[in-house]
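2 protein chains.
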Amino acid sequence: MENFSQTEENYLKAIFKLSEREDKPASTNAIAGEMSTSAASVTDMLRRLAEKGLIHYEKYRGVALTEKGNKLATGLIRKHRLWEVFLLEKLRFSWDEVHDMAEQLEHIQSPELVERLDEYLGRPKFDPHGDPIPDAAGNFTFRKQVFLSALNPGEAGVVVGVNDHSPAFLQYLDRIEIKLGVQLRIAERFDYDESVRIMLGETNEQVLSKKVSQNLFIQKF
Amino acid sequence: MENFSQTEENYLKAIFKLSEREDKPASTNAIAGEMSTSAASVTDMLRRLAEKGLIHYEKYRGVALTEKGNKLATGLIRKHRLWEVFLLEKLRFSWDEVHDMAEQLEHIQSPELVERLDEYLGRPKFDPHGDPIPDAAGNFTFRKQVFLSALNPGEAGVVVGVNDHSPAFLQYLDRIEIKLGVQLRIAERFDYDESVRIMLGETNEQVLSKKVSQNLFIQKF
DNA sequence: TACAATTTTTAGATGAGTCTAAAAATATTT
DNA sequence: AAATATTTTTAGACTCATCTAAAAATTGTA
Ligand SMILES: [Mn+2]
Ligand SMILES: [Mn+2]
Ligand SMILES: [Mn+2]
Ligand SMILES: [Mn+2]
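One line per chain: the protein sequences are P and C, in this order.
Under the working numbering, residues 3 to 223 are what the first sequence spells out, in order.
Under the working numbering, residues 3 to 223 are what the second sequence spells out, in order.
Derived from the structure by calculation, the hints contain no laboratory data.
A virtual CB, placed ideally from N, CA and C, is assigned to each residue, including glycine.
Be careful, since some hints might not be right.
If you only want the chain P side, here are some residues facing chain C, beta carbon under 7 Å, derived [said to hold, decoys possible]:
| id | residue |
| --- | --- |
| 1 | L93 |
| 2 | Q106 |
| 3 | I110 |
| 4 | S112 |
| 5 | L115 |
| 6 | R118 |
| 7 | Y122 |
| 8 | V160 |
Starting from the given sequences, assemble the full structure and let the hints guide the process.
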């Protein structure tokens, strides 16, 4: 397959992410926001990506990835998440440090390297933030999960992912000792500020703000 | 420290390599050859690198790296060779496959990553081709070595490196079962074509061509 | 439906890195 | 030393990715 520039690859990822969030064509402005660039630059790039058959693009109508573009974007996400696992599992970085390095590593071109890395890591299905790692064919493992904020008192489950990937949030979770795999039960929910009291085990209890509870993914028991 | 483009980094490596080969300023043409580009493009880039304080450059006089340029080039070589070790030791690639991937990986920007990788690999002093890996301060381990072609009959030693890094040569060495660490002794040298007969152990003998003997580094016993 | 607000595209410019062709400087021969 | 060959630089053009400002299209509202 042809090679594309890192910039082109980053646009594909941005479009993928936006299409994933909402199931409709990504707008020029939304892409500009995601890429931290001007709408004019985006329009330029969209023309080029369409030219190369990576996106469906009609002026003023927004864009969607083509089969080819989707394959490429999925491959990038696969590489990004595998490298994150490597950095955490093998090089012992913490989950708030791995993203920036993976942003660079995802652009390394070598199908064989990705395959070997995957094998070396034991073919992980999820990355350090709980996001699914697509397999070589591009298939994501689906997992039934809900926001912690959607749980009712008495319901319990295990923390399986984060919605907010910012180092600030991840470091906060470290501080309050919440990590992937932690089991919890909703003890009480306060209507006043929509915060919740959770039980970790039988004795350890904590109150989480609305904001925190909206950024944690839980798999219910 | 500032960041430089991959292109700029590759020019620095090329200049480093040329200055290493011969201890005099690298010429525009030599750099063009090393970079597979035109002399005109090189002149352009030299102006820019000089502007950034990475090289000493006088028109028509060739170039040498500044302290700053040398530090950067050494850092790139460190990263390149560490990644080669990783690819071979951890991902089980062969020594003829690792270079091209390392050419990409050497541009990943993250001092902390290099440090962790070095530690993870056990702070190796040499890469899969026997080339020394500079430490974090930029110091290369020096090793007394000679070309196999410089050995006389009766002399013995161990294979510690290759001069030719091409996959073709490395694969040929695999085929005749010569790898780093192999011990050998010169049994006979033929003046006719400057080939040599070597003994690997007491019974296994082989004849190596002049070309092969000029591309193997030996550490004498 | 018409006017206003927002979004998107176009136009024109810039810098990095590249090219070819031509001019200038340096090195080699005779 | 002069002529010739080689190397290096300059000049001008191209692509990619970006910008700002202005024009055009779409969407929202009165
Ligand atoms: Mn990430
Ligand atoms: Mn992640
Ligand atoms: Mn190499
Ligand atoms: Mn090497």
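Checked hints:
no.: 1; hint: L93; verdict: holds, 4 Å
no.: 2; hint: Q106; verdict: holds, 5 Å
no.: 3; hint: I110; verdict: holds, 5 Å
no.: 4; hint: S112; verdict: holds, 5 Å
no.: 5; hint: L115; verdict: holds, 6 Å
no.: 6; hint: R118; verdict: holds, 4 Å
no.: 7; hint: Y122; verdict: holds, 6 Å
no.: 8; hint: V160; verdict: violated, 30 Å
In terms of the numbered hints stated before, the structure departs from hint 8 and from no other.
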